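Listed here are the chains, written in short residue letters.
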Amino acid sequence: MEDKTKTLQREFLKVFEKLEVVLGWEPGYDSLHATPSFIRQAKDLNKLVWNPLCSQNLCTYLVKTLNASVRKDDKKIGICVKGCDSRSLVALIQEKFITRETFYIVGIPCEGTVDWRRLMRIEPSLKDVQKVDIQGNELEVETAQKTYRFPLQQVLEQRCLHCRYPNPIIYDCLIGEPITPHIGDDQAYGDIEKIEQYSLPDRLKFWEKELDRCIRCYACRNACPLCVCRDSCIAETRTPKWLSQRCDLKEKFFYHMIHAIHLAGRCTECGECERVCPMEIPVTLIKKKLNQIVKDLLDYEAGIDPQKQPPLLTFDPGEKGI
Amino acid sequence: MSEKIFIAQGELTAMLERLSKEMDVWVPVEMGDEKWGIRFLPYHEDTIVVLDRQSTISPKNVVFPQVETLLRFRYQKDDNDPSKQRIDLKDRQDVSSALVFGARPCDVRGFHTFDQVFLNGRYKDPYYEQRREKTLFATLLCDTKDSACFCSSVGSGPGDREGSDLWIVPVDDGYVIQALNDKGRKLIPIMGKQATTEQIEKAQRIQEQVTAKRIGEYDLTRSARDFTDRFEDMDYWRDMVSKCISCGICTFVCPTCYCFNITDESRDLEGERIRSWDSCMFYHYTLEASGHNPRPEKFERYRNRVGHKFSYFPDTYSGMISCCGCGRCIRSCPVSIDIRRVVHHLKEAVDAEV
Amino acid sequence: MVNSKEESTTKKDLLIVGFLCNWCSYGGADTAGVCRFNQPTDLRIIRIPCTGRMDPLFVVKALIYGADGVLVSGCHPKDCHYNEGNFYARRRLEVLKQFLPFMGIHTDRFRYSWVSSSEGRLWQQVVTEFSETIHGLGPNPGVHGESDAKAGMSFYT
Ligand code: SF4
Ligand code: SF4
Ligand code: SF4
Ligand code: SF4
Ligand code: SF4
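Going line by line, the protein sequences match chains A, B and C. Heads up: the first sequence begins at 30 in this note's numbering, then just goes up one per residue. Heads up: the second sequence begins at 27 in this note's numbering, then just goes up one per residue. Heads up: the third sequence begins at 1393 in this note's numbering, then just goes up one per residue.
Please keep in mind that the hints were generated in silico from the structure rather than gathered at the bench. Because the structure is a prediction, the values reported are computed rather than measured. Among the hints, a few may not be true.
For each label pair, taking beta carbons as the anchor points, the in silico distance ranges come out as [claimed, not checked]:
1. VAL44/A - THR247/B: 56 to 62 Å
2. PHE1429/C - PRO108/B: 35 to 41 Å
3. LYS373/B - ARG259/A: 32 to 38 Å
4. ASP32/A - THR247/B: 38 to 44 Å
5. ASP120/B - ARG178/A: 53 to 59 Å
6. GLU206/A - LYS239/B: 46 to 52 Å
7. ASP294/B - LEU203/A: 57 to 63 Å
8. ARG79/B - THR176/A: 23 to 29 Å
Pairs of lysine-lysine residues, derived as DSS-like cross-links and limited to a Cα-Cα distance of at most 27 Å, are as follows [stated by the list, open to error]:
9. LYS1489/C - LYS234/A
10. LYS61/B - LYS238/A
11. LYS279/A - LYS1453/C
12. LYS1470/C - LYS324/A
13. LYS1470/C - LYS337/A
14. LYS171/B - LYS156/A
15. LYS35/A - LYS175/A
16. LYS1453/C - LYS270/A
17. LYS324/A - LYS1489/C
18. LYS125/A - LYS93/A
19. LYS72/A - LYS373/B
20. LYS373/B - LYS175/A
For every residue, glycine included, the Cβ atom is placed at its ideal position computed from N, Cα and C.
Working from the sequences, and respecting the hints, build out all of it.
Next up, the structure:
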């Protein structure tokens, strides 16, 4: 079987003439990191890679960096999406920020991406890594000296452990075979249920403790593909002034409520907000809870059906059950 | 001869306990259960100190808190003339003394940058000055570099003792601690017992070994001109950093980033004037009242970050680079932007790399 | 959330913020007043043009910054002055109501209702019930855990 990285490069090369730019990943500052890559010349396509380190959701760039709705000529944007990323892409189409025709989408069925910090906890001395790959239920890390094997449960991102959509929802070209999700629909909200087992005061304490670490760098918002307000997020605007510059718990708590409520019924559970957080705060949980409510109440999941309208942006006069 | 003491690993907590009776002792602790990141927190019982890796966020907040109250104010009706209001002002209270235990050489070096700006100019910043004077640093010789570290590239190194008050060298199952100045010497008696000659010699050997190490392959100390030459090369900046999402993590975790904002935050008739961390990576940082923004694009903001550290700052402060090579901005960047690479390539075209 | 201070505070006023739409519930509250129906005194009313203007974050902000309860009230569905404002509101507010407990905020601290301007009686009933509920819950514990970074310090002033 051909290496997926090679296939990826080849597929883009085939259509490169019609593309203005290709969004993919390339090796990062060390052998355990990948970094987003904007390829504008065919000769650079060989920089692209695909492996379990390619964690960034590239859809984040579509509205906030590229302004993908405005095209100069007929050229398309080439983009690589994992399962979760593709949901963000669909959601942006649903909300009419972008159009499907603008994109050449290379979908990659994804077994999960590595949480670098979790890996470090288990094996802090890993270096000179030559290859990182997923084999069955294990992550295989090949270094110059030896090959390490880690159970996926211990080293994948939280989002991947609860992923129900490992296969891209939309694509023009699929790299590799579709895979079966690691978990069934019934376990998808297991992480939320864990918190719901706490009593009400204990939940509050849990969030107070977690959110207390927040330094309000807003990385969770900036990394979010669906935070589309560009530079006018109400967390920062002075008119209206929702938040002060203070950094006490109330402000932090409220900031996260802003992000969560604005993502209610829109969040695609890509987990970027949590992955990027330097203080390791499990903020995706908050949005996931809202998603669960929206699913139960309004029978809707964001980023699945390009034709559907997000339910909080519309209404139904004959609504039952509310 | 300066006194050197030895603290066994098992006695560390007891020592910190003793110290914490004298002052606030800030130590590196984990973010939470099963988390990898480290931050500095005031020591209290049950604190588990983690010294085997660098903290995610630098201890700059000990001297330069994320939010500092500069003054409090309250409007009051003038009883004699109801049409008038009086403002009562309350100055900030004194701060207590503090010890940062287990910082790294790069963390301490970060304060050199701060000192230039807040102490060595025409005006002194009283808030910073007070905390700076009252804060001591017990610094750990650093033998745990990772792939993001580059302290030697910017003129420092893993054995750099400059700016520290106490110096900690891990030896066998403990630490040899030595005072580097009078401030540090005062604490020595509280800390522990005299080290043996053997331990001292061993510490000396480790010190020499580590000091000889060079962390970081490039030399980035003379990049000021390269930066100005490259300033208008938009392709360079787009190529290098159009992936930046402008999140501000790099500036918040950085030991040398000192930009701040001052705001009055009030409710009803009272409030505070606070100084809080700001970030040049934020759109609002340069947004002018007219609505014009000189740095509307993300890559322009990143360019400013590089320029400030490697060009404007050395131009203003006799060649000093305002980056200590700690690598935090690289490690924590969600898109893995590597400042070393960006600065290194200022000189030659990127293509030359491949 | 059961609060031990509850007994001693039942008599004292708690702080309930009411967001009432201009066309129906505000009128309903007015009718109740004009008819001199007895009402509890914990409610502070903020008039909004329509519940469609009701940002769920108004509720959250009030609850985080000290309100003991929040009541939102507007026209009955299908009676909205702007035809559809409360249809949007209904979804948003219900989602919020179900969400609050996840963050540790009691869901009963927030209620939304539909009261028209002629329904003075209904308004009296809604306010009375809600006040009783809030008194039952006691003062809002709010969000103010001791910050780790401040523990035992005189350092942050
Ligand atoms: S990324 Fe983390 S620290 Fe930064 S604002 Fe979000 S939750 Fe807070
Ligand atoms: S809120 Fe978090 S999980 Fe949801 S779309 Fe945004 S970044 Fe992804
Ligand atoms: S948090 Fe809300 S206001 Fe801020 S960017 Fe996201 S959606 Fe926009
Ligand atoms: S941390 Fe990275 S993405 Fe965030 S502002 Fe800094 S360079 Fe840009
Ligand atoms: S710029 Fe980066 S490497 Fe330099 S001091 Fe700041 S965080 Fe450390």
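Going down the list of hints, with the structure as the test:
{"no.": "1", "hint": "VAL44/A - THR247/B: 56 to 62 Å", "result": "violated, 45 Å"}
{"no.": "2", "hint": "PHE1429/C - PRO108/B: 35 to 41 Å", "result": "holds, 37 Å"}
{"no.": "3", "hint": "LYS373/B - ARG259/A: 32 to 38 Å", "result": "holds, 34 Å"}
{"no.": "4", "hint": "ASP32/A - THR247/B: 38 to 44 Å", "result": "holds, 41 Å"}
{"no.": "5", "hint": "ASP120/B - ARG178/A: 53 to 59 Å", "result": "holds, 56 Å"}
{"no.": "6", "hint": "GLU206/A - LYS239/B: 46 to 52 Å", "result": "holds, 48 Å"}
{"no.": "7", "hint": "ASP294/B - LEU203/A: 57 to 63 Å", "result": "holds, 60 Å"}
{"no.": "8", "hint": "ARG79/B - THR176/A: 23 to 29 Å", "result": "holds, 24 Å"}
{"no.": "9", "hint": "LYS1489/C - LYS234/A", "result": "holds, 20 Å"}
{"no.": "10", "hint": "LYS61/B - LYS238/A", "result": "holds, 14 Å"}
{"no.": "11", "hint": "LYS279/A - LYS1453/C", "result": "holds, 9 Å"}
{"no.": "12", "hint": "LYS1470/C - LYS324/A", "result": "holds, 24 Å"}
{"no.": "13", "hint": "LYS1470/C - LYS337/A", "result": "holds, 24 Å"}
{"no.": "14", "hint": "LYS171/B - LYS156/A", "result": "holds, 12 Å"}
{"no.": "15", "hint": "LYS35/A - LYS175/A", "result": "holds, 25 Å"}
{"no.": "16", "hint": "LYS1453/C - LYS270/A", "result": "holds, 12 Å"}
{"no.": "17", "hint": "LYS324/A - LYS1489/C", "result": "holds, 15 Å"}
{"no.": "18", "hint": "LYS125/A - LYS93/A", "result": "holds, 14 Å"}
{"no.": "19", "hint": "LYS72/A - LYS373/B", "result": "holds, 23 Å"}
{"no.": "20", "hint": "LYS373/B - LYS175/A", "result": "violated, 38 Å"}
Comparing the model with each numbered hint stated earlier shows that hints 1 and 20 do not hold.
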